[in-house]
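Could you build the full structure based on these sequences and the hints that come with them?
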Amino acid sequence: MAKLSLFERRRRRVRTALRARGGDRPRLSVHRTGRHIYAQIIDDAQGRTVAAANTLGGKGTDIDAATRVGKELAEAAKKAGVSSVVFDRGGFLFHGRVKALAEAAREGGLEF
1 MAKLSLFERR RRRVRTALRA RGGDRPRLSV HRTGRHIYAQ IIDDAQGRTV
51 AAANTLGGKG TDIDAATRVG KELAEAAKKA GVSSVVFDRG GFLFHGRVKA
101 LAEAAREGGL EF
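Read left to right, the sequence shown gives residues 1 to 112 (my numbering).
Think of the hints as simulated: they come from the structure by calculation, not from any bench.
Any given hint could be a false lead.
Claimed, not checked - Calculated pairs, DSSO-like style, for lysine-lysine (alpha carbon to alpha carbon, straight line, at most 27 angstroms):
id, residue 1, residue 2
1, 71, 59
2, 59, 3
3, 79, 59
4, 99, 78
5, 99, 79
6, 99, 71
7, 59, 78
Next up, the structure:
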């Protein structure tokens with residue numbers, strides 16, 4: 001069996017902890033690339049995406065863009081009737097753009 005990368009080990013560790021502590025709350029999943037950041041709220045019980053936002057349509061790939069994505073996601077979640085989520089950072093460190101997105105989502109009204 002191939003040795004897992006540090007990223008993959010972090011991702012599995014975070015996801016396992018979320019399953020144990022998350023309960024039946026939807027999951028706010030974040031994916032970051034060099035150019036864009038993507039976030040979606042997933043209802044794992046039903047297997048569907050409740051709300052999503054990303055930087056594909058707008059300008060920028062910096063912390064300001066991540067903040068905009070967090071605010072957009074919080075607004076979309078409110079429209080869908082979601083107020084409490086569990087934050088899934090995947091294998092990404094809670095720093096920089098991931099942290100900015102999370103803080104903006106909290107300011108927008110999401111609880112986690």
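Now the hints, each set against the structure:
| no. | hint | result |
| --- | --- | --- |
| 1 | 71 with 59 | holds (15 angstroms) |
| 2 | 59 with 3 | violated (38 angstroms) |
| 3 | 79 with 59 | holds (24 angstroms) |
| 4 | 99 with 78 | holds (20 angstroms) |
| 5 | 99 with 79 | holds (23 angstroms) |
| 6 | 99 with 71 | holds (13 angstroms) |
| 7 | 59 with 78 | holds (24 angstroms) |
Hint check: a violation occurs at hint 2 only; the rest are consistent with the structure.
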